[in-house]
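**Student:** Take a look at the letters that make up each chain.
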Amino acid sequence: MSGVLGTSVKRREDPELITGRGKYTDDLTLPGMLHAAIVRSPHGHAKIRSIDIAAASAAPGVVAVYTGKDVIASGVGGVVPTGWLLPNLKTPAHPILATEKVRHVGDGVAVVVGEGRYQARDAAELVEVDYEPLDATVDAKGATAEGQPQIHEEAPNNVAFDWDLGDKAAADSAFEGAAHTVAVDLRNSRIIPFAIEPRAALASYDEASGLTLRMTSQNPHLHRLLMSLASLNLPEHRIRVIAPEVGGGFGSKIHHYPDEAIASWCAMQCGRPVKWAATRSETNATDAHGRDHVTHAEMALDGDGKILGLRVETYAAMGAYLSTFAPCVPTYLHGTLLSGQYDMPAIHIRVIGSFTNTAPVDAVRGAGRPEATYLVERLMDLAAIESGLDPTEVRRRNFVPADAFPYQTQVALAYDSGNYEVALDKALANSGYADLRSQQAERLASGGKLLGIGVCAYIEACGIAPSAVVGSLGAQAGLYESAKVRVHPTGTVTVFSGSSAHGQGHETTFAQIVADRLGVPMENVAVVEGDTDEVQFGMGTYGSRSAAVGGSAIAKSLDKIIAKGAKLAAHVLEVADTDLEFHDNQWSVKGSPDKSVAWGDVCLQAYLAHNMPADVEPGLEETTFYDPANFTYPFGAHIALVEIDRETGEIELLRYVAVDDCGEQINPMIVEGQVHGGIAYGIGQALWEEAVYDEHGQLLTSTLLDYALPKAHNLPSFELDHTITPCPHNPLGVKGIGEAGTIAAPVTIVNAVVDALRPFGVKHLDMPLTPEKIWRAMKNGEDV
Amino acid sequence: MATRIDLEVNGERHERDVEPRQLLVHFLREELGLTGTNVGCETSLCGACTVLMDGQAVKSCTQLAVQADGTSITTIEGLQTNGEYHPLQQAFWDCHGLQCGYCTPGMILAAADLLERNASPTEREVRDALKGNLCRCTGYHNIVKSVLAAAAGGES
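The listed protein sequences correspond, in order, to chains A and B.
According to the numbering used here, the first sequence is numbered sequentially starting from 1.
According to the numbering used here, the second sequence is numbered sequentially starting from 1001.
The following block holds chain A by itself, in its conformation from the complex (with noise of 0.2 Å):
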């Protein structure tokens, strides 16, 4: 089925999800199964005095109740670390149950194991634990100062690390003299990652077996590694975690929390199978949260608005613990991303992350792109003012040329390729950018509602990861993806991935790139993933990786494949292999295609043939680990029109208008789905949503009444169009597109809100834009 790549297939996930066959891990059940409930601490700091468990363990069909103190005379290892080490990074430990101390509300301090869901969760109202409340500290940069209470005795002043990136002596010297300077001072709001279903884990355990452990993951080889490692001191192969139906993730199901590691200690302490699956609440407030930045940032120009230097400093909120990839969301997924569309001659970043008495921070969607973007695109706002151009002339005027791929950046990156004119100016034809300016202009005449567009040209670098490019940043670990590609012998086939989708449409889009390489019915190809027994390793899905590091894998394999029944067929056709090519299902001689041997004869003789050539094994399997040159550089121009009532400062998102390049398409329909999901995401971020915690650390956004996400009727359909620039270093030319919408729509939102308000002399505003937000800086700017 040649030609099947880039076309829109429909996708083969959705009939068990439209008929609720499909099943996710808290559908799941096993016999004996007992149900945890896991106390949690109400206290956002506070020493842990005594816990008493008699009640809870009298209650009815309470089987167990276990405490830290039974987790460490175990002897297992009770703990999830950090995956990403940066130097002098402080890392505390982090036991899946606290004994001494609490660090924020919802850290697990003792688990009750039940018969049932409800009784579990009755007993677990019954564990008396005695707490001597501390003073809290929940903000990014107020944890650093002096005189804060200290979450951690290893981190003095709450700090976890402070690292810098670039050149500071030469950022300096930018300003020095530079005819624009502008600055702003921003927070890059908390956000809580909520996928609709919330985390679950079905542990059981057997001496035969191991443990089995079916979980709500974007990566099960990772989960298996550091619960073998570090959580349960089991080997590594006597684990099996499979990932069932998994219903989003948006980063929170990539980390290694305590709780799956307490469902899996509970089954192997009881002998019977265990279920943990997170209310709402429960998940809202230990998934790992997002973002949670405090950043000043200035930039230098000359006086023609060319970017002579940009500087930042940024406090990150790593929260209580350190997640798994938790050090490398600010450092080497932000600071090298600051060099945005731009050919920025200098740069400095220096980042310190903090402990605060929340849930901890790690990668959400984007991770830490969508902040890099959001800061350098308020940046070229401003720029544009102070220079006195339009918002989309600044841009252009320092747009990296489309000849100058290569592009080395000051912060490390070197651009493979882009054409960033060329998307800026598809996206002002399609929104008839100059029209919408004048609209803009009527609208203020006329004293009718506020008109604001809202521009972002964005960058993205995914496909993580080269080893060579992480490793010279300071990386533990190459992030490689495997696959092996097995061809049955009456030639259908089956690929295993070491990608693991939750929504994103591999059964698919992996099928299409056999279906094309090989020329074999869609049909006919069987994908795999989810299932550390089935897979041999993988690194699993986020960073917009599975298709350039995943689906590479697979079309390097395919290569494999074909040049070894290139092989067989020579030796039927009695020439040598290098005088045949593979098109059409077939291997043929070059130049006379009636010499030719079908796919499906030397499939079957792969492995039945008795007279195989000197040098070939039997079989048709190959396996690649495919470690990518670079990372891979997403580009896009994305456009907004708001609508502001002057009266109630409501704001009305008119028009969304994107334009994208992941360069190839392996399947436009879900490249869509994929934009327009990212664009919601970050559009909630910009308008609604925000993780907000008290100076207790009480999380006062735990539910939907408080935490408030982008619904159906506040949203446009989004008007989406795309580019095309190849990947130069890939076999497929894909980028990945998985977060491209949030990394431009937060920024987009905002600049549309604040060109908006321009008249009030409004440059800057925090997300959410709450109406209330917007009417106090209108009735201010009144007052200016």
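Do not rely on the hints blindly, as some may be mistaken.
[Unchecked claim] Label-pair restraints from in silico Cβ distances:
1) His713(A) to Thr1081(B): 29 to 35 Å
2) Ala1002(B) to Glu719(A): 53 to 59 Å
3) Ser592(A) to Thr1081(B): 52 to 58 Å
4) Gln536(A) to Gln1090(B): 35 to 41 Å
5) Arg1004(B) to Lys773(A): 52 to 58 Å
6) Asp1069(B) to Ala477(A): 54 to 60 Å
7) Ala1002(B) to Glu647(A): 52 to 58 Å
8) Val692(A) to Lys1131(B): 21 to 27 Å
9) Asn1118(B) to Ser438(A): 35 to 41 Å
I should point out that these hints are in silico values taken from the structure, not numbers from a laboratory.
C-beta atoms are modelled at their ideal positions from N, C-alpha and C, and glycine is treated no differently.
For chain A, the structure is supplied; the task is to place chain B on it using the hints.
**Tutor:** Below, chain B alone, put in the same frame as chain A:
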């Protein structure tokens, strides 16, 4: 202390003894094994647990099983007729109206309720009708498209 309830689910009659505090969603999932109805929140706001009760969309996480006594419930598992997809199921597949699929059963049933009341809604009416159902994957774009496509298909 158990209470006897008698109800119809997807056309099949069930008489069961239930704990009075048992939520309808847990009854459907754990007593009847109908796990297509999902739980996404605890405040009746996400809509993942939406089912039809006597033809009307309700959130089964804030209904008790005992409240369903004497009613007729339709879950996602009961939407197909003779193995044929409901027009909404077909439209969600055709229009890429789902990604992770977790909100999908509730979304389809909420849309079914809408189309029962309003066979040819406008985009605005679809968006308003779905505001009790949250999706984190699709930005609603293709969900709205799916519902409009199902409505248009029903007309022709």
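**Student:** If a hint holds in the structure, say so; if it does not, say that too.
**Tutor:** How the hints compare with the structure:
1. His713(A) to Thr1081(B): 29 to 35 Å: holds, 30 Å
2. Ala1002(B) to Glu719(A): 53 to 59 Å: About 56 Å separates the Cβ atoms of Ala1002(B) and Glu719(A), which means 53 to 59 Å holds.
3. Ser592(A) to Thr1081(B): 52 to 58 Å: At 55 Å between Cβs, range holds.
4. Gln536(A) to Gln1090(B): 35 to 41 Å: Taking Cβ atoms as reference, Gln536(A) and Gln1090(B) lie about 37 Å apart, which means the hint holds.
5. Arg1004(B) to Lys773(A): 52 to 58 Å: Since Arg1004(B) and Lys773(A) have Cβ atoms about 54 Å apart, the given range 52 to 58 Å holds.
6. Asp1069(B) to Ala477(A): 54 to 60 Å: Since Asp1069(B) and Ala477(A) have Cβ atoms about 57 Å apart, the given range 54 to 60 Å holds.
7. Ala1002(B) to Glu647(A): 52 to 58 Å: holds, 56 Å
8. Val692(A) to Lys1131(B): 21 to 27 Å: holds, 23 Å
9. Asn1118(B) to Ser438(A): 35 to 41 Å: Hint holds: Cβ distance 38 Å, inside 35 to 41 Å.
Comparing the model with each earlier hint shows no violations; every hint is respected.
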